[in-house]
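The listed protein sequences correspond, in order, to chains A and B.
Going letter by letter, the first sequence gives residues 38 to 140 in this note's numbering.
Going letter by letter, the second sequence gives residues 38 to 140 in this note's numbering.
Possibly wrong hints are sitting among the right ones.
Where chains are identical, the list cannot tell them apart; a pair therefore holds if satisfied intra-copy or between any two copies.
[What the hints assert, rightly or not] Under the rule of at most 25 Å between Cα atoms (straight-line distance), these lysine to aspartate or glutamate pairs were calculated in the DMTMM-like manner: (1) K90 with D48; (2) K137 with E114; (3) K110 with D74; (4) K90 with D123; (5) K90 with E133; (6) K137 with D123; (7) K137 with E122; (8) K90 with E122; (9) K110 with E122; (10) K90 with D74; (11) K110 with D123; (12) K137 with E102.
I should point out that these hints are in silico values taken from the structure, not numbers from a laboratory.
Residue strings, one per chain:
Number of protein chains: 2
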Amino acid sequence: MVQFVHPSTQDITLAGLLGALADPMRLRIVSSMLQRDGCMSCSEAAPCPNMAKSTLSHHFRILREAGIIHTGKVGVENRNVLRIEDINSRFPGLLEQILKFGG
Amino acid sequence: MVQFVHPSTQDITLAGLLGALADPMRLRIVSSMLQRDGCMSCSEAAPCPNMAKSTLSHHFRILREAGIIHTGKVGVENRNVLRIEDINSRFPGLLEQILKFGG
DNA sequence: TTCAATAGTTCATTATTAATGAACTATTGA
DNA sequence: TCAATAGTTCATTAATAATGAACTATTGAA
């Protein structure tokens, strides 16, 4: 059984958040999620064509462990949800401000 | 003769900026610079006690190559200046917003 | 109920990036 | 000219990233 690790809201750090977003592909993933309903399965990760699924999985893990997304298994696929409220409770407005410029 | 590499303003990337700031020590350095007059020599890097000077030099290089600081030699020491206007012309308000939460 | 398809993780390997002691370069002042 | 100061560069070791291959879990059909 796969168990996903998610930091609690107060364990989301600024350096961790910035580090997770310090990659063009991850910026695009998060930006796409925000433009959608805040959700995305790995296979829907349209910003990342031609990317090995192990690499994609790795990127989602980085985002997950930084506290940016929450991953839950729904049927055969993973449901990744942007933790927008948690992030905003730690760093109000920061994520939107960053994504205004990239993704 | 030591030559420092600085990206031009339009070559400052969002991912590069975030990556350079994705480290507690570098966040503190940049934050200290902003709270001062925007300048700092390596030896004045008070946020970083007990850090090997080669490591400190490395951190300043990361900041320099991301376009966050400009380094120039003045006498025996290096003068590091925050490129606040360049950064704000690329990403208005972003740096201040980030530093509001850390450093 | 078993078998193939789908979705994604984990592992192993290779490549890149980070941290630091040691050696080096450049400037200043005695 | 020599020592002190400031910082870089080099070499080594440690940590992190990218990806193919193998594995696990769920679904749907034969």
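Hint by hint, here is what the structure shows:
1. Taking identical chains as interchangeable, the C-alpha atoms of K90 and D48 are never at most 25 Å apart, the minima being 28 Å within one chain and 30 Å between chains.
2. Taking the shortest alpha-carbon separations for K137 and E114, neither the intra-copy value of 29 Å nor the inter-copy value of 38 Å comes in at or below 25 Å.
3. Only within a single protomer do K110 and D74 lie at most 25 Å apart by alpha-carbon distance; the minimum there is 17 Å, versus 50 Å between protomers.
4. When the C-alpha separation of K90 and D123 is checked against a cutoff of 25 Å, the pair qualifies neither within a copy, at 27 Å, nor between copies, at 37 Å.
5. In this assembly of identical chains, K90 and E133 lie within 25 Å of each other by CA distance neither inside one copy nor across copies; the values are 27 Å within and 36 Å between.
6. In this assembly of identical chains, the alpha carbons of K137 and D123 lie at most 25 Å apart whether taken from the same copy (19 Å) or from different copies (18 Å).
7. Taking the closest pair of Cα atoms, K137 and E122 come within 25 Å of each other both inside a single copy (17 Å) and across two copies (18 Å).
8. Taking the closest pair of Cα atoms, K90 and E122 never come within 25 Å of each other, the shortest separation being 28 Å inside a single copy and 40 Å across copies.
9. With identical chains, the CA atoms of K110 and E122 are at most 25 Å apart within one copy only, with a shortest distance of 21 Å there and 45 Å across copies.
10. In this assembly of identical chains, K90 and D74 lie within 25 Å of each other by CA distance solely inside one copy; the values are 23 Å within and 47 Å between copies.
11. Taking the shortest alpha-carbon separations for K110 and D123, only the intra-copy value of 20 Å comes in at or below 25 Å, while the best inter-copy value is 44 Å.
12. Taking the shortest alpha-carbon separations for K137 and E102, both the intra-copy value of 23 Å and the inter-copy value of 23 Å come in at or below 25 Å.
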